[in-house]
Amino acid sequence: MRATRLALVAMAAVSLLAAGCGGKSGGSHHGGTGAGGFTPPNIPALTSLGQGEGQVNLVSWAGYVEDGSNNKDLDWVHPFEQQTGCKVNNKVAGTSDEMVSLMKTGQYDAVSASGDASLRLIAGGTVAPVNTSLVPNYADIFPDLKNKPWNSVNGKMYGIPHGRGANMLMWRTDKVTTAPDSWSVVFDPNSPYKGHITAYDSPIYIADAALYLMSTQPALGIKDPYALDQKQFDAAVNLLKEQKQIVGEYWSDATKIQQSFKAGDTVLGTTWQVIANGLTGEKTPVQTVLPKEGATGWSDTWMVAAKAQHPNCAYKWLDWVVSPKVNAQIAESWGEAPANSKACTLTEDKNFCTSYHAADAPYWTKVHYWNTPITQCLDGRKNVKCVDYSKWTQAWTQIKG
Amino acid sequence: MSITATPGGPVRRLAGLLHRRPYLRLATLLSAPLLWLVVAYLGSLAALFAAAFWTTDDFTGEVVKQFNLDNFQELWSQTVYRTITVRSVGVAAAVTVIDAAVAFPMAFYMAKIASPRAQRWLVIAVLTPLWASYLVKAYAWRIMFSGSGVLSWILDPFGIHGPGYGLPATITTLAYLWLPYMILPIYAGLERLPNSLLDAAGDLGARTFRTFRTVIWPVAVPAVIAGSIFTFSLSLGDYITVKIVGGKSQLIGNVVYDNIGAADNLPFAAAVATIPVVIMVIYLVAVRRTGALDNL
Chain A
0 MRATRLALVA MAAVSLLAAG CGGKSGGSHH GGTGAGGFTP PNIPALTSLG
50 QGEGQVNLVS WAGYVEDGSN NKDLDWVHPF EQQTGCKVNN KVAGTSDEMV
100 SLMKTGQYDA VSASGDASLR LIAGGTVAPV NTSLVPNYAD IFPDLKNKPW
150 NSVNGKMYGI PHGRGANMLM WRTDKVTTAP DSWSVVFDPN SPYKGHITAY
200 DSPIYIADAA LYLMSTQPAL GIKDPYALDQ KQFDAAVNLL KEQKQIVGEY
250 WSDATKIQQS FKAGDTVLGT TWQVIANGLT GEKTPVQTVL PKEGATGWSD
300 TWMVAAKAQH PNCAYKWLDW VVSPKVNAQI AESWGEAPAN SKACTLTEDK
350 NFCTSYHAAD APYWTKVHYW NTPITQCLDG RKNVKCVDYS KWTQAWTQIK
400 G
Chain B
0 MSITATPGGP VRRLAGLLHR RPYLRLATLL SAPLLWLVVA YLGSLAALFA
50 AAFWTTDDFT GEVVKQFNLD NFQELWSQTV YRTITVRSVG VAAAVTVIDA
100 AVAFPMAFYM AKIASPRAQR WLVIAVLTPL WASYLVKAYA WRIMFSGSGV
150 LSWILDPFGI HGPGYGLPAT ITTLAYLWLP YMILPIYAGL ERLPNSLLDA
200 AGDLGARTFR TFRTVIWPVA VPAVIAGSIF TFSLSLGDYI TVKIVGGKSQ
250 LIGNVVYDNI GAADNLPFAA AVATIPVVIM VIYLVAVRRT GALDNL
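The listed protein sequences derive, respectively, from chains A and B. For the first sequence, the residue numbers in numbering that gives the first Met the number 0 are 0 to 400. For the second sequence, the residue numbers in numbering that gives the first Met the number 0 are 0 to 295.
Excised from the complex, chain B in its bound form (with noise of 0.2 Å):
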């Protein structure tokens, strides 16, 4: 069907066609992004997830496209791998904790208890740190963290060291990265929960402890793991935050890094990479029990 330069007649009979067959219609609107969502974002996960049976040649550093298992037998068979696993796993579960911890009452506050002006200033507030950069952020977690930044200054008095760089270091800056995150979905989550049930709560006389636990909570959980699929996938992966303060540990997104840039061994890379993609799968299947996918 071509267009001549007519006015009218093929434009119309296209809008025609399209009025006729609602079908065409929907795939005409949708093909863009379906292309970008099948090939740009799920191809590169396929991709990935193929390059990570194949190998390089040791000295050219080209990869040889030769299907084996090579790759995913060095991750099992050394140690080291399960070791950086678990303890990002960890970093990552202890950055959801401590978010979810801070964010719950931030959040609490900003939906039942601010003024609706308050209201609008305080989202604002939570959404500012997302306009910094990301490394100034953290380099700014350096400086404090060092043994003559602003933490030691602070403890010192009392004999205590400030903890340096290192593990807890990553987790407290992931912790303030990510924050935003965990707040804004509880505090959508909360927003729906209406007033009037609180109320009824008190007017049947159960104390604050207990409105929380048999009101509050079970409406809050769905958007609390919602929160957490951000923190914990987000601090999962990242290998940047623990390269300024981590010291010398390391996490899966280093081993990566590392062995794309340091080693040019994509495959071996790719295969390190399926370990969080899987993690991520089962806890997202997970969590989708509890219909918190309804809350993003």
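Next up, chain A with everything else stripped away, as it sits in the complex (with noise of 0.2 Å):
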């Protein structure tokens, strides 16, 4: 499996020299470029940059841009403003679905776009190619974050890497024994935590147990777990059947599994990192771990809008969230990696980027990143169709029963 994913970067590596090369034969290959096979609207980049048109309007998850009134220390939007004259109008959005619905509209410039959101904004039209010779920072970009599947179509990049993070295994160190190094503990039906386990809320999570089925169950033949036939989809879905029954709740409101975790309902699942620092926090002993299989995780990226009214500020926008001492403070508020390599210089905790494992390309190797199953297999197979993301939907509610 590693084997295979060094090979994807390696690929995705001479995509981007061509690319750099000004080519677009970087396309038709399968893996490190494009979803197989679809191609998008032809929308043009933006040649040059203008002045600012004095406001920029943006679609963001929630702490990607403070301007300090939920927290004074956090404030990356005013300094902004003045710097640019681009006043920030920022739309929160609590779920990539929502971001892709906003982004329709058409009243937005930019938006901070997961990787489960991305290549629909790309098929949609709804994002422009962006034009990276005009975001100065994205030369400081860590190059595995490049001409990804999930941020570029054919070599073209429709977005700046903003920052990655990994949907971990977290335990209680006191209610569960062995720590654990498998995503089978939260598989196991004889589980003796039966009842205090916990699942995301989401039909993305599938792509949890197809990880899981990767490596236990090699004959299924699973190389990316968005993209799964008809066969592996219908093992991964009974394997989440069967899980729901050790299963004591799904979670998808970071809030409630923290509570969970805390009172001790909930003693082992999967989590995101800042969930586990705000437990440690609150003196809850628990402890996260990367498991051999490897994990999903995301990696966001800032597109552009193809209809944007305000093009000028919202590339100025992009290239200042990138900036390594934003992309710094975002990062470490936030609890996740930053994109920008010379970011880690500057966060306050100077171990941040070594424990986020930021500059630790091998690290991100065994994270398959939020990707939108479409029925063109993503991972380049093109004797069979693949299980697209609402039947991904309908499954998980059938899972849920």
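Hint data in this document are derived by calculation from the structure and do not stem from the laboratory. Idealized CB from N, CA, C, for every residue including glycine. Be aware that a few hints might be false.
With a Cα cut of at most 16 Å, we get these calculated EDC-like pairs of lysine to aspartate or glutamate [stated by the list, open to error]:
hint : chain 1 : residue 1 : chain 2 : residue 2
1    : A       : Lys381    : A       : Asp143
2    : A       : Lys390    : B       : Asp202
3    : A       : Lys390    : B       : Glu73
4    : B       : Lys247    : A       : Asp252
5    : A       : Lys103    : B       : Asp56
6    : B       : Lys247    : A       : Glu241
7    : A       : Lys90     : A       : Asp72
8    : A       : Lys390    : B       : Asp155
9    : A       : Lys103    : B       : Glu61
10   : A       : Lys86     : A       : Glu97
Here are a few chain B residues that face chain A, going by a calculated C-beta distance under 8 Å [unchecked claim]:
hint : residue
11   : Glu61
12   : Gln65
13   : Ser145
14   : Ser147
15   : Ser151
16   : Gly246
17   : Lys247
18   : Gln249
19   : Asp257
20   : Asn258
Two chains, two separate frames, one set of hints: put the complex together.
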């Protein structure tokens, strides 16, 4: 599995070179570029940067666009406004799908899209390719975040990588006696922690089951947990239906699961590092691990709307948000690895980048970032059809029963 | 008819016109509320129903406006939706029964036994929980149902485990949330019952239970049903409480929410949303015959 991921990274690097030479040749290959076989609408990228338009409308994840109103120490909006003259109007979205629908209204200029939204935005013609030469800080972005299947098509970047994280396995060290190193603990039907296990409440969690099957049932031939044909998909769904017997509750709300771990109702399950940090801060004994099978995760990308009314301000924002200092601030307050390699020297906690593995490329090869499952298999298989996301959603309803 | 700057003339003519034509007067008065009712309220229901016959493009999520029955076929053929519907109706019915059982004695005391002064305070006390946010109350129950919460603390000495998160917790929380909506109609209904009827029943030798069965209950039934419309419909559409205290269970509302939120599949969500509408229409038609709607 690791070898395949490395091959993909290598391929991505090759296509990056190809793109860098100005050719469109990176295109038709699978793996490193694009989502095997769909052609996005032809929308031109901005060619040169002009004067700011005085304002910019953003859609973002909570905590990505802070103006000091939630915490006076966290403010990277006002400095931006002073420096560029672009007033920031931000709309926080709760889910990837909300982001997609907000962007479709055409009222917003830029969005911080995760991989399970970005492809939909690209295919729908909602976002335009980004001219990375107009974003100076793009040069310092970690190379293993550039030209990836969820943020580029045919070697064309559709956004600026912003940060990434993994869905970790967390446990209460006082309640779970042996430290787990495998996802098997959350799928074991005879688990001693039956009723105290949690799982993420979203169709995208099916990928976590697929990831586990990837190493436990190699016969299924799963190469990418977001590219499942019907047989592989059914296997993952069945695994989750069995898992439901031992799950205590599903979570989608970080506060809720944090409280549940704190109270001890949940002792084991999938989590985000930021939740674990919150619990450690509250003196709840928890620990996290990236299990040996790897994990799913997210990699967020700032994208520009195809019909942006304030494209110049949007580009300025893109550059600002991945500038070393701001990127460090966001990463640290949010609990994810920054995308800008220079951000690591500017974090308050000098160990931050180490603990979040920001520069640890081999670590990230074990993380399968959220992606949108579509009919054309993302792993490049041409002879089968994959199960698309709306089927994932309906299957999720059936899993929960 | 244009209003010119000169005062008197046109305004007076307008007033005269309205005076002579009562229908015009009525139409002008009602047009705003009617517009609201028809366009915003019934219109959105109609749009919902129409959208249920559309589908979405698998990938871009764009709505494809082409009539077909796929969504309803899916709803019918997949047993999981039937299970969820039955579960949701069961939860709504349980909440209604619990609320009726708790609210009746409470409302009776308020209407018939408490002094007028106490009555006023009791009404305020019943209404007070409505001032607090729904979420605060639901999260409060979440903490109480926790393994280290109050319920376990009370039950553990008796060797009983708390119910934990799940349907019982959902029913309890919903029953708590909607209780005022049951108490108030019953209170209003019982207040209309003359005390003399109770005295007469006593004078004629009826004991408590017989008085309840033959005098109070027949008068109170429409009020109880009126309350049940609130508790039943509010519970049937709820999806937040079950997310907070429901553990791993899901109700109709969650399916609608997941299809809008997670899948961006509005047509399917619309199709699912017609289920509670149909259930409520059936319930209301059945209830109409009891005359409870006059009590709302």
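Outcome of the hint check:
| no. | hint | in the structure |
| --- | --- | --- |
| 1 | A:Lys381 <-> A:Asp143 | violated, 26 Å |
| 2 | A:Lys390 <-> B:Asp202 | violated, 69 Å |
| 3 | A:Lys390 <-> B:Glu73 | holds, 11 Å |
| 4 | B:Lys247 <-> A:Asp252 | holds, 14 Å |
| 5 | A:Lys103 <-> B:Asp56 | holds, 14 Å |
| 6 | B:Lys247 <-> A:Glu241 | holds, 13 Å |
| 7 | A:Lys90 <-> A:Asp72 | violated, 20 Å |
| 8 | A:Lys390 <-> B:Asp155 | violated, 44 Å |
| 9 | A:Lys103 <-> B:Glu61 | holds, 9 Å |
| 10 | A:Lys86 <-> A:Glu97 | violated, 23 Å |
| 11 | Glu61 | holds, 7 Å |
| 12 | Gln65 | violated, 16 Å |
| 13 | Ser145 | holds, 4 Å |
| 14 | Ser147 | holds, 5 Å |
| 15 | Ser151 | violated, 10 Å |
| 16 | Gly246 | holds, 4 Å |
| 17 | Lys247 | holds, 5 Å |
| 18 | Gln249 | holds, 5 Å |
| 19 | Asp257 | holds, 6 Å |
| 20 | Asn258 | holds, 6 Å |
When each numbered hint is compared with the structure, violations occur for hints 1, 2, 7, 8, 10, 12, 15.
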